[in-house]
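Note that the protein sequences, when read in sequence, are chains L and P. According to the working numbering, the first sequence is numbered sequentially starting from 1. According to the working numbering, the second sequence is numbered sequentially starting from 1001.
Because the hints were derived from the structure by calculation, they are not lab data. All residues carry an ideal CB built from backbone N, CA and C; glycine is no exception. Worth double-checking, as some hints may not be accurate.
To be verified - The calculated label-pair distances, taken between Cβ atoms and stated as ranges, are:
1. L:Pro322 with P:Glu1097: 23 to 33 angstroms
2. L:Glu184 with P:Gly1039: 49 to 59 angstroms
3. L:Gln240 with P:Glu1097: 37 to 47 angstroms
Protein chains: 2
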Amino acid sequence: MANKKVGEFDLIERYFKRPARQSVLGVGDDCALIQPTPGTQLAISSDMLVQGRHFFADVDPCTLGHKALAVNLSDLAACGAKPLAFTLALALPHVDEIWLAAFSKGLFALADAHGCELIGGDTTQGPLNICITVFGEVPVVNGRTQALLRSGAKTGDDLYVSGTLGDARLALDVLRGTVSLPPEVFAQARARLETPTPRVALGLALRGVASAAIDVSDGLLGDLGHVLIASGVGAVIDTQIATQLIAARAYLTRANGQFDTPNGPQLPRQTDLQTCLAYVLAGGDDYELAFTASPGQRDAVQAAARASNTPVTRIGQIETSPGLRLMDAQGHAVANTFKSFDHFA
Amino acid sequence: MANKKVGEFDLIERYFKRPARQSVLGVGDDCALIQPTPGTQLAISSDMLVQGRHFFADVDPCTLGHKALAVNLSDLAACGAKPLAFTLALALPHVDEIWLAAFSKGLFALADAHGCELIGGDTTQGPLNICITVFGEVPVVNGRTQALLRSGAKTGDDLYVSGTLGDARLALDVLRGTVSLPPEVFAQARARLETPTPRVALGLALRGVASAAIDVSDGLLGDLGHVLIASGVGAVIDTQIATQLIAARAYLTRANGQFDTPNGPQLPRQTDLQTCLAYVLAGGDDYELAFTASPGQRDAVQAAARASNTPVTRIGQIETSPGLRLMDAQGHAVANTFKSFDHFA
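Pulled out of the complex, with its shape left as it was, chain L reads as follows (with noise of 0.2 angstroms):
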């Protein structure tokens, strides 16, 4: 095969199609074949990622595809789904052998991570354009879904978010020069962007726990707000807590006055919480649950989360009234001037 010009076909033999394990029939047909387990429903999603939009022409194509595929896991654990399969659609502009294995070694680490398992996909030339839909299970119980949906949250709910929440943003600010951090607080939230944690192993345990659950993706504010617009319902969110949920607060204070801030109108330079308050609440790129529970659910919260290994912070509550509130720890309204991420603003 060395002299050989690589072709469509032997791209996918040689990167991508691996045995079939739980799948019917995996790459290498016309289509794959899935075999839902009886009782179950098939969750799906797909996310695309597209180049000088959602990564740097230069990122590790290890972590690239690590992210490709956790961006989209992250979407079934947000549905409390178990993830069982996925395609792939790449567009490439030239077969780079290097790269394509760097690519398929991130990809596959965590697809096997999570039991997930390529089935088919196609590959083309174009700019160089990731696309995958993945598929997860979700029980079917006395014919009622066992899905986290977005449309279930309710008045007098808590409000909580997984993890921690905008140090990918603060990272992005730092690769596109806006913003300096020191060589080790970067290094840390540089893995929050290139390297995100899908949190199925929650997403899974908050199912019967959780009354909805959505992705962090564009946001805390705008992906909170699809929840409240399905559940018809408001919130307000504790400041004094979000802004603690920056793994980077420590430095990010600690520096006050030193740290030089991004320019844009969503981040407001007033102080530093303020600071830490937009990249928490409009940062992006977290792939953070966010999801509401009744009061009486509290310590199965706390359950899920141990049972998971993922700190959960409860921030807030769910109200009638429409629309989201921010409020400081006196109880006294914060203006809501931060915007979130938008792939067409």
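Chain L is already provided as a structure; the job is to place chain P on it using the hints.
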């Protein structure tokens, strides 16, 4: 809305959100949920279309919407799967509402004709790229899939193709300026290129009749090669019959000596019949079915063709000896100088 910038969520809402029907939960949550009919498998296929590679920048967006779904439905057809639903991931350089309205019109017209529902997806900014993942159902009877696979061809089986082959590539050559045709001949060929008919009805009718099937997207020789390898067999094709499969044949042979043939090495000019043969065997973009069936199924194949209102032609036979051979009407070997289409070759 008139003065509002159209963002990602508006795009989905305005052009692609429709009430969910057969699927349990459509566009608008982290995942779509599908509950396959008990006793069925889900057939899944993904295809990505890239500007400049699969279509020209100035293509009519309505026909592009049709084709983007058609090439995916063609994969379901090749498996004998009944279309159910699809996801759409779309990268657009900018929001062009006229383009989007036309694209979604063409897309949904074909989707509705096949009862195939859009259940989710993604929109982002980037070089124009359309990635569709399609879902269909295939029955499982006594633990055996009824899907038409590539691996079922057996020595002695007849080899068939549906419809016509080569006209799409002929139209492409006209658009590229390497061939000229009279307007009415071009219009017919162009329809084959831009609005191919996925052979879904034929695929369904061939369940239990055909022994193997594939859709012809990269040229008959290349695609048939996948069937032969997967089935561990070879085949012979009657070139006399094959030359008749291009709809423009009457014109191509009538215009003897005046027809400007393409210059590429894969389309050598020897005779007009040879030109027809090159288009038929190595054209690509046909979206017809190539399939095999035991000679005992000839009546059943004809019945399937009638039931699905799709012409089929018997063009050869499966043989034990691996590889693909071409033969003329007198039974003499014809040199195979044709090359299949490869997105990276």
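Hint by hint, here is what the structure shows:
no., hint, in the structure
1, L:Pro322 with P:Glu1097: 23 to 33 angstroms, "28 angstroms, holds"
2, L:Glu184 with P:Gly1039: 49 to 59 angstroms, "57 angstroms, holds"
3, L:Gln240 with P:Glu1097: 37 to 47 angstroms, "43 angstroms, holds"
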